[in-house]
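Protein chains: 6
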Amino acid sequence: MNKPGISRYPVPRLEELPDDVRARMLEVQEKAGFIPNVFVALARRPDEFRAFFAYHDALMLRESGLTKAEREMIVVAVAGANDCLYCFVAHGAILRIYAKNPLVADQVGVNYRKADITPRQRAMLAFALKVAERSGEIDESDYKALREHGFDDEDIWDIGNISAFFCLSNRMANLIGLRPNDEFYLLGRVPKQK
Amino acid sequence: MNKPGISRYPVPRLEELPDDVRARMLEVQEKAGFIPNVFVALARRPDEFRAFFAYHDALMLRESGLTKAEREMIVVAVAGANDCLYCFVAHGAILRIYAKNPLVADQVGVNYRKADITPRQRAMLAFALKVAERSGEIDESDYKALREHGFDDEDIWDIGNISAFFCLSNRMANLIGLRPNDEFYLLGRVPKQK
Amino acid sequence: MNKPGISRYPVPRLEELPDDVRARMLEVQEKAGFIPNVFVALARRPDEFRAFFAYHDALMLRESGLTKAEREMIVVAVAGANDCLYCFVAHGAILRIYAKNPLVADQVGVNYRKADITPRQRAMLAFALKVAERSGEIDESDYKALREHGFDDEDIWDIGNISAFFCLSNRMANLIGLRPNDEFYLLGRVPKQK
Amino acid sequence: MNKPGISRYPVPRLEELPDDVRARMLEVQEKAGFIPNVFVALARRPDEFRAFFAYHDALMLRESGLTKAEREMIVVAVAGANDCLYCFVAHGAILRIYAKNPLVADQVGVNYRKADITPRQRAMLAFALKVAERSGEIDESDYKALREHGFDDEDIWDIGNISAFFCLSNRMANLIGLRPNDEFYLLGRVPKQK
Amino acid sequence: MNKPGISRYPVPRLEELPDDVRARMLEVQEKAGFIPNVFVALARRPDEFRAFFAYHDALMLRESGLTKAEREMIVVAVAGANDCLYCFVAHGAILRIYAKNPLVADQVGVNYRKADITPRQRAMLAFALKVAERSGEIDESDYKALREHGFDDEDIWDIGNISAFFCLSNRMANLIGLRPNDEFYLLGRVPKQK
Amino acid sequence: MNKPGISRYPVPRLEELPDDVRARMLEVQEKAGFIPNVFVALARRPDEFRAFFAYHDALMLRESGLTKAEREMIVVAVAGANDCLYCFVAHGAILRIYAKNPLVADQVGVNYRKADITPRQRAMLAFALKVAERSGEIDESDYKALREHGFDDEDIWDIGNISAFFCLSNRMANLIGLRPNDEFYLLGRVPKQK
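Chains as they are written, first to last, in numbering that gives the first Met the number 0: chain L, 0 to 193; chain H, 0 to 193; chain R, 0 to 193; chain D, 0 to 193; chain U, 0 to 193; chain A, 0 to 193.
Quick caveat, the hints were computed from the structure, so don't treat them as lab data. The structure presented is a predicted model; accordingly, all values stated were derived computationally and were not measured. The beta-carbon is built from N, C-alpha and C at its ideal position, and this holds for glycine as well. Just so you know, not all the hints are guaranteed correct.
Said to hold, decoys possible - Calculated pairs, SDA-like style, for lysine to any residue (alpha carbon to alpha carbon, straight line, at most 25 Å):
| hint | chain 1 | residue 1 | chain 2 | residue 2 |
| --- | --- | --- | --- | --- |
| 1 | D | LYS129 | A | SER140 |
| 2 | R | LYS129 | L | ALA144 |
| 3 | L | LYS99 | L | ILE5 |
| 4 | A | LYS143 | D | ALA144 |
| 5 | R | LYS129 | L | SER140 |
| 6 | U | LYS129 | U | ARG119 |
| 7 | L | LYS30 | L | SER63 |
| 8 | U | LYS99 | A | ILE5 |
| 9 | D | LYS99 | D | GLY64 |
| 10 | D | LYS129 | H | LEU128 |
| 11 | H | LYS67 | R | LYS30 |
| 12 | H | LYS99 | L | ARG188 |
| 13 | D | LYS129 | A | ARG133 |
| 14 | R | LYS99 | D | GLU182 |
| 15 | L | LYS30 | L | ASN100 |
| 16 | U | LYS129 | U | ALA68 |
| 17 | R | LYS30 | R | PRO101 |
Stated by the list, open to error - Residues of chain L placed beyond 12 Å of chain R at every Cβ, according to the derived structure:
| hint | residue |
| --- | --- |
| 18 | VAL10 |
| 19 | GLU14 |
| 20 | ARG43 |
| 21 | PRO101 |
| 22 | ASN110 |
| 23 | THR117 |
Chain L extracted, bound-state conformation (with noise of 0.2 Å):
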């Protein structure tokens, strides 16, 4: 068995870390109940890891008119088209608790023509790998479809902009062979016990 460490590169210790970075990774330990091994992966190198979560809060937290699992969505499609491993299993976690749906994650991850989702939803994701996949391709017919489907043009950068940053998260997560921590993947699959 070859079981391959958070990444192929060093990890720090939390206590190497700049404050705001160690902060920001107790944080997310503190609601999540674990460390995502983004953070800890990125820690190393504090600038590019800042401005990468600066990036991702402002894309993922800002209001919008795509709800938090839309946002999901696009990223777990993204994570397949792109073949990252990382992003499938985590941000598919994260779209189970968001949608409340334990099965939406893997269907908009292998084939999003098959997934339980609208076909608002489904005009959403087409668009979102288009920019992940043929971004020189984009018209006025692209945006044509989706005001057609209710979006608006600030939706419409919303979509692509959180397509290509994940074009981004995917690759860097490619480069240092990432790997998913292993809560990630029964997370928001068994509906919570009282």
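On the provided structure of chain L, position chains H, R, D, U and A as indicated by the hints.
Frame of chain L, contents of chains H, R, D, U and A only:
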């Protein structure tokens, strides 16, 4: 929400089916606790049903230099390459169970290069995907590479034929919009409790 | 010159084979005047042989809205797409005979858009190639396009399943380096003389 | 049935043509027994006609380290890669005649890796297809590989230029829907009778 | 630094060349102030040189519904698609001069969809790239789309044949590693000073 | 003529912007003599603007084993691969200036294999393009190849992250139809006069 049925095509009722077809379905229900939708969807054409499962069994149940888990790895990796939700999810479950490993199916389905598998298994999957995606380019060097990992010519036939058979299966599932049973998504992810 | 044998794998002698397998081979020899190499090469694994030809017969011999020539057109077009010499040549011969047309096999195998076929047949082949090459993208619009040419849902299943089955067959032929019998190249090209 | 004419474009009558163009066509008719449609279809623009056939002759008739059959192998393999029915069929005939081999054209056109040719010829065709499909990636290693098979730099120029010229020719044939003469399909398949 | 010469192949001296070839080169030198490397590199095979430039002139100098700048747009867009540095740079210069526009060559070469051109020109380039990249898929609908932009059938032949000819030219340039003259990079970028 | 504006989206006026965003734009204007359109177009969403340029600076301004010119080579090569006009033109200018070489940007953007660069730089660009186009296939052999050219693991992270960041940037530019400032096309092409 646009929740599709089992298949684009009408599915027969059990009592309408020829005895051998129905028996096969009841047998798998007995064993799995439910009837996988591939049986339900293909039963409407009994001759094709019989040939399909005879082919499946000939490959997946025979004595082989490949373990059953390894054969399912091929199925899941090929399903990923063919964007086939049904086989990704259903055979992902079977793979988790055979391998007693809750992580390996997602790993192999999204990107086998990042999976917790042996170099020999990685070579096996590289070849299976070449059969799936560029079979016209197979030549002696592919055979040589596999032999260096200890596969003999019967093993290579097995790898190639499993990949080829699921290229058929994936296309049929995509053609008819075959929906994985909800049960498959969770199977093999949680250790059995005593 | 590097003239390969029938297959990379050893081929069994007729007398070694199970009775039903040998009977099938003698039957086709009786009819065609020679045993097509696909029978010879696959016979070494009788269970797979039986399932393969049972599947073939279920699709190619059944009552269908597609003529036998149309079914062979699908086979030849898919063989071209999969760079499969065996099926291009062997089924090209069968197509020429069924269609009583010495030109159509090369036309359909190289570029069906330039073939002397009907618009309905062109739509059929466009769909067959989508099943072969991009089955994950099949959606309702494909069904709609075929229905506009008068195909019903059983016909569409036939087109798709024939394409899918020969995607299996082409991959096996490429895997084992299956060589077309020399006889196939000329069959159906010259009008029978009285 | 939708039997197309020789070309999407009107074809001139022989008597309308400039003398040299008509002479060239009568010469080939004298030799072949019919006028290949590429002459008929291109004659409507005499300057392009003259340049096209001057280029053709400069490559295909010159003294070369490649035999005439080998040059036609390149043409047929490139036609297959470009889905060009005209060159596949017409040059397939010429290849069969030059090689005195009724099988080699279909083999080389569908998948040269399975053809009854020498390793040197296989290397030649691999390079010709790289020129046709990924010429931007050609580098010193390609030259080195060909030299190891005994090709010198003039031979390599020949291989590359023939491939490049037929990339032009295939595109023109596809552009205008050029139809192969029916005669080509059978030529070279049946040994001449005395 | 690894500064390649004009070509992988030796280039002849002017005085070694046949008179007509040398005359052609001196004529272009007279006009441009330097001899473009394509002349220098191809002159070593005079018959191919003559046919190449005869073909070029037949297309690029003839009366046509396309302006000379439009024809050069096709050349530059096709060079971009074929990763051909020589034609991108050399014909980029010619395009800037003909169009009296210092920006259009880079725009058209990198992504014609973003270029400052008319919708008619965009349709022209879309078709030229289809000829370059997927000519086997050309059908009546492509002709129809161009006619809607006011192109007649002779214009369509021009677009297609220019694209096809530069598919040949790009492959030859890539084959021999043809280096653009340094002069081309700047030509047409700075308004002429009086 | 269809001359697009800076972006599909409205661009803010400087005085509407948060102080830090405006300050950044004035600073670059001070230095370059104009405000590159990427600043103007992204400023409408200040949080994304800040993260984008923080990421950019973290990669492009840090101490690194790659020179600034080498980093810009990566940007331009990736822009070519992604059909991104803005980065091809704008970073082409920056590359010419950093490298003090008026030719290298077009060379690297169209086909780095033909560029006047070192073998080490060619290996760097080959890897950058693999990150851009097939990051899921990165494995240990890629690291090994770069180490043989003297790159250490921090350099490899830099190459990969720059490629990944500009995959984001190119997609955003394509999404919004970002127009390069006219000034960029000529910058660095003419030696500064005293």
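Structure-based check of each hint:
no.: 1; hint: D:LYS129 / A:SER140; in the structure: 24 Å, holds
no.: 2; hint: R:LYS129 / L:ALA144; in the structure: 23 Å, holds
no.: 3; hint: L:LYS99 / L:ILE5; in the structure: 28 Å, violated
no.: 4; hint: A:LYS143 / D:ALA144; in the structure: 23 Å, holds
no.: 5; hint: R:LYS129 / L:SER140; in the structure: 24 Å, holds
no.: 6; hint: U:LYS129 / U:ARG119; in the structure: 16 Å, holds
no.: 7; hint: L:LYS30 / L:SER63; in the structure: 23 Å, holds
no.: 8; hint: U:LYS99 / A:ILE5; in the structure: 22 Å, holds
no.: 9; hint: D:LYS99 / D:GLY64; in the structure: 19 Å, holds
no.: 10; hint: D:LYS129 / H:LEU128; in the structure: 22 Å, holds
no.: 11; hint: H:LYS67 / R:LYS30; in the structure: 40 Å, violated
no.: 12; hint: H:LYS99 / L:ARG188; in the structure: 18 Å, holds
no.: 13; hint: D:LYS129 / A:ARG133; in the structure: 20 Å, holds
no.: 14; hint: R:LYS99 / D:GLU182; in the structure: 16 Å, holds
no.: 15; hint: L:LYS30 / L:ASN100; in the structure: 20 Å, holds
no.: 16; hint: U:LYS129 / U:ALA68; in the structure: 20 Å, holds
no.: 17; hint: R:LYS30 / R:PRO101; in the structure: 20 Å, holds
no.: 18; hint: VAL10; in the structure: 36 Å, holds
no.: 19; hint: GLU14; in the structure: 47 Å, holds
no.: 20; hint: ARG43; in the structure: 38 Å, holds
no.: 21; hint: PRO101; in the structure: 22 Å, holds
no.: 22; hint: ASN110; in the structure: 5 Å, violated
no.: 23; hint: THR117; in the structure: 15 Å, holds
Checked against the numbered hints above, the structure breaks hints 3, 11 and 22 and satisfies the rest.
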